[in-house]
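Got chain A sorted already, so can you dock chain B onto it with the hints?
There are 2 protein chains.
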Amino acid sequence: MEPKSVALFGISRYPREGGFNILQHLLNYGYEGRIYPVHPEADEILGVKAYHRVADVPEDVDLAVINLPRSLVPGIARDCVEKGISAIIIATQGFADANDVKGEQLQKEIDEIISGKARVLGPNTFGTANAFINFSSSFAELKMKRMPVGLICQTGVLYVGSPDLSLLGKGIDLGNGCDLDFANALEYFEHDDDVRVIALHTEGMRDAGSFLSVAKRVAHKKPMVVLKTGRSGLAAQAAQSHTGSLVGKDEVWEAALKQCGAIRVSDIDELGDTVRILSALPLMKGRRIGVLTYTGGFAVASIDASQRFGLEIAELSPGTLEQLNAISPPWFTVANPVDIWPATILSRRPMLKVFRQALEILFSDLAVDAVLCICGIWEDAVCNKFCQYTERLAQSYPHKPLVWYIYGPLANEAKSALEETGKTGVFSSPDRAIGALAHLADYSQFLGEFQAPEGV
Amino acid sequence: MEPKSVALFGISRYPREGGFNILQHLLNYGYEGRIYPVHPEADEILGVKAYHRVADVPEDVDLAVINLPRSLVPGIARDCVEKGISAIIIATQGFADANDVKGEQLQKEIDEIISGKARVLGPNTFGTANAFINFSSSFAELKMKRMPVGLICQTGVLYVGSPDLSLLGKGIDLGNGCDLDFANALEYFEHDDDVRVIALHTEGMRDAGSFLSVAKRVAHKKPMVVLKTGRSGLAAQAAQSHTGSLVGKDEVWEAALKQCGAIRVSDIDELGDTVRILSALPLMKGRRIGVLTYTGGFAVASIDASQRFGLEIAELSPGTLEQLNAISPPWFTVANPVDIWPATILSRRPMLKVFRQALEILFSDLAVDAVLCICGIWEDAVCNKFCQYTERLAQSYPHKPLVWYIYGPLANEAKSALEETGKTGVFSSPDRAIGALAHLADYSQFLGEFQAPEGV
Numbered sequence: 001m002e003p004k005s006v007a008l009f010g011i012s013r014y015p016r017e018g019g020f021n022i023l024q025h026l027l028n029y030g031y032e033g034r035i036y037p038v039h040p041e042a043d044e045i046l047g048v049k050a051y052h053r054v055a056d057v058p059e060d061v062d063l064a065v066i067n068l069p070r071s072l073v074p075g076i077a078r079d080c081v082e083k084g085i086s087a088i089i090i091a092t093q094g095f096a097d098a099n100d101v102k103g104e105q106l107q108k109e110i111d112e113i114i115s116g117k118a119r120v121l122g123p124n125t126f127g128t129a130n131a132f133i134n135f136s137s138s139f140a141e142l143k144m145k146r147m148p149v150g151l152i153c154q155t156g157v158l159y160v161g162s163p164d165l166s167l168l169g170k171g172i173d174l175g176n177g178c179d180l181d182f183a184n185a186l187e188y189f190e191h192d193d194d195v196r197v198i199a200l201h202t203e204g205m206r207d208a209g210s211f212l213s214v215a216k217r218v219a220h221k222k223p224m225v226v227l228k229t230g231r232s233g234l235a236a237q238a239a240q241s242h243t244g245s246l247v248g249k250d251e252v253w254e255a256a257l258k259q260c261g262a263i264r265v266s267d268i269d270e271l272g273d274t275v276r277i278l279s280a281l282p283l284m285k286g287r288r289i290g291v292l293t294y295t296g297g298f299a300v301a302s303i304d305a306s307q308r309f310g311l312e313i314a315e316l317s318p319g320t321l322e323q324l325n326a327i328s329p330p331w332f333t334v335a336n337p338v339d340i341w342p343a344t345i346l347s348r349r350p351m352l353k354v355f356r357q358a359l360e361i362l363f364s365d366l367a368v369d370a371v372l373c374i375c376g377i378w379e380d381a382v383c384n385k386f387c388q389y390t391e392r393l394a395q396s397y398p399h400k401p402l403v404w405y406i407y408g409p410l411a412n413e414a415k416s417a418l419e420e421t422g423k424t425g426v427f428s429s430p431d432r433a434i435g436a437l438a439h440l441a442d443y444s445q446f447l448g449e450f451q452a453p454e455g456v
Numbered sequence: 001m002e003p004k005s006v007a008l009f010g011i012s013r014y015p016r017e018g019g020f021n022i023l024q025h026l027l028n029y030g031y032e033g034r035i036y037p038v039h040p041e042a043d044e045i046l047g048v049k050a051y052h053r054v055a056d057v058p059e060d061v062d063l064a065v066i067n068l069p070r071s072l073v074p075g076i077a078r079d080c081v082e083k084g085i086s087a088i089i090i091a092t093q094g095f096a097d098a099n100d101v102k103g104e105q106l107q108k109e110i111d112e113i114i115s116g117k118a119r120v121l122g123p124n125t126f127g128t129a130n131a132f133i134n135f136s137s138s139f140a141e142l143k144m145k146r147m148p149v150g151l152i153c154q155t156g157v158l159y160v161g162s163p164d165l166s167l168l169g170k171g172i173d174l175g176n177g178c179d180l181d182f183a184n185a186l187e188y189f190e191h192d193d194d195v196r197v198i199a200l201h202t203e204g205m206r207d208a209g210s211f212l213s214v215a216k217r218v219a220h221k222k223p224m225v226v227l228k229t230g231r232s233g234l235a236a237q238a239a240q241s242h243t244g245s246l247v248g249k250d251e252v253w254e255a256a257l258k259q260c261g262a263i264r265v266s267d268i269d270e271l272g273d274t275v276r277i278l279s280a281l282p283l284m285k286g287r288r289i290g291v292l293t294y295t296g297g298f299a300v301a302s303i304d305a306s307q308r309f310g311l312e313i314a315e316l317s318p319g320t321l322e323q324l325n326a327i328s329p330p331w332f333t334v335a336n337p338v339d340i341w342p343a344t345i346l347s348r349r350p351m352l353k354v355f356r357q358a359l360e361i362l363f364s365d366l367a368v369d370a371v372l373c374i375c376g377i378w379e380d381a382v383c384n385k386f387c388q389y390t391e392r393l394a395q396s397y398p399h400k401p402l403v404w405y406i407y408g409p410l411a412n413e414a415k416s417a418l419e420e421t422g423k424t425g426v427f428s429s430p431d432r433a434i435g436a437l438a439h440l441a442d443y444s445q446f447l448g449e450f451q452a453p454e455g456v
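So the protein lines, in turn, are chains A and B. Sequential numbering of the first sequence, starting at 1, is according to the working numbering. Sequential numbering of the second sequence, starting at 1, is according to the working numbering.
Think of the hints as simulated: they come from the structure by calculation, not from any bench. Take these hints with a grain of salt, some might be off.
It does not matter which identical chain is meant; a pair holds if it fits inside one copy or across any two.
Stated by the list, open to error - With a straight-line cut-off of 20 Å between C-alpha atoms, the simulated SDA-like cross-links for lysine to any residue are:
hint	residue 1	residue 2
1	K143	E413
2	K102	W331
3	K49	V226
4	K4	P58
5	K285	Q388
6	K108	W331
7	K49	E59
8	K143	C383
9	K221	E322
10	K145	W378
11	K49	H39
12	K285	Q395
13	K108	N384
14	K145	S416
15	K83	H52
16	K285	S364
17	K222	L321
18	K145	P409
19	K222	D79
20	K249	R308
All figures in this text were calculated on a predicted structure; none of them were measured in a lab.
This is chain A alone, in the form it adopts within the complex (with noise of 0.2 Å):
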């Protein structure tokens, strides 16, 4: 994971734009450890020096990624070990992922190789990744960032991401896992200080068992959110014949991930809210939200999405009505969720300062476990004031978790804007902004984070 030097095998002499090339793809991120392409004809890729033969590199090589057809791979593995590599990444696919005997065969050399002398990642896998250093060993390029996010996944595309899955601070795709397996990745990460949120694909595993036995540890420190796909009978083939493993009964994992405590997601949409709100907030106290609105309509809906998920419209404290009332004209009734409009607009009042007084009232009502603002942004100054007041309001309640649903024709940079303050998550709609707290609630909990209401 935080290699200082790099053997590559497989890049070609003849690099294109867009070509999939490891070497380019860790020029571009700024790597800064030491790289030593191996080719058996080239001397130079890229302005790099390159060795016909690992054995000819003069240095100690942390890590080798071999991306070489399969029947190549053993041979290079040997010559990896003898050089003194301790850690393989193998992209190539064909092993206990082909449908032929060779594949077997191969992967049983593979394993004679470099028992006991090396660890193995993959074959079949992008490989690892680390924000922190500018590596990747994928030929996809990605695009990082140093979130205290580390995923492990048995399929590389999850790497890549969608635009809203940019969540990639750490990295490790097990691919067929013939030696590193989850349970492995999942200590690592465990132990990892840049890494406070862990994101999990799996389709099966071949050791379910110690895995799970890992995560009831791990979930106690941190949340583990668990995407695990392939719940059908036809899914589970399919699963066996990409990865070659073993996928077990949907119901059978469902039970074993609730007790060990992770947090079961049921596509990458939920998977990438979840991480974001996981990595961005504080825990919640209970199960209460309070919504700040300007429409009637999203307050509906969020009653119905509160329902949908399990989290409580709060009932506000009689102090908080009588405040949000005073601001509302006389034949408004304030309730949860708070609609501001009339207190606006309506009555003819600075948008933005009975929004800030109002988003002030829910949060100081103990009452109120979490907010959620539904609001629309048509100008860059009110996307910065918000900026402003989240930041304010997580400084001054740090254990009450903020988190938007924007519309409007700027929703999409006051989503940047927003989550860069790295103090709250932005989400597609009111009913996805409450899935994820949800979310956040049940880890609370889990954790013992919950307190008595007043007076119990």
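Just chain B now, kept in the frame of chain A:
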């Protein structure tokens, strides 16, 4: 909906940037009708001649938009009726949506004034929007697009849209619905040739019976996507307070909507997805989908999603499998979802050529009713090619929908470009793509489009 001239009440004499000024917006949109600001003291606003009273306007007026404090509304409504204006939008809040007797009284006054002489939209409404004539009566500046989508809602916020919900071709916000209601709006879009898909948001209706009888008829002509919020008791109460409408039991709604052939969705993300797929794509002939992917991980996820949403992973015909196996390495067995990774990078063959081949093979299979492509995009050139393939396939297979899940650094750009072709939909996850396809399949089945499989 198609006003050639509009009188505006309640425009500030001193409009400022971001000041929620309808006149300013209409000028920005490029509305081509005549605009008559009415203001007791101003002779001109933003360079447009203003009138002290509506009676002073020298020409006929199609529509009045009233944005004044509630106590002034009945008087102005009377002026409008006397001027012969037959359509009035009352944006003002505080009538049936208020908690006081005054609100009720004012509402009653308005009812009497307009009775038989004019139709009223609102109160408490954004009014109407029509991208085809660059018109909107909303004080919030809207992004409109000439999409074949008519939106009927009870809360203007759906107009404003999240980034994912840019679907406003035409819109009707009913607000309190004191006069014009859901049935009227639905009938309007039934006969509007610009509108091919109807999106509808409701929290409840006073006259659900007449709505449902119209809906039953309309569903056979145009798909209706319905977001019904206010599921729980608390949500129903909130809905009552902000638009003064009654909500019925959720199970009753569920059954009634299903019976009349409406497509019910559960949140705004799903509303946007469903409207986009219905407006861009042909109906399906069955539930069997083909999936093309570069990653086994999403193959597994797609199978899970198909099960979850009630679609089938197509069993490919022998000829198709033969062709696909011919382009894959010998150790790999092709199945649906079709993982073309081994056939491309791994076999060192040109990625785009293989992709196009595989796509054509999948489309030509009679056992496949729709295709989902799961792809990463790193290069603009690839994105352009994908657009070309999309257009060509839509031409060759006009009855087989193609949808995408795109990841990677250029995902957002690719989404825009692909959807710009008007021939496909791009979704934020395989799950959402398959969920949208399932709605398309349901509607196709409702219309009797499903074909008996070959040989049955």
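Query raised in the report: Can you list which hints this structure breaks, lowest number first?
Result: 3, 5, 9, 13, 17 and 19
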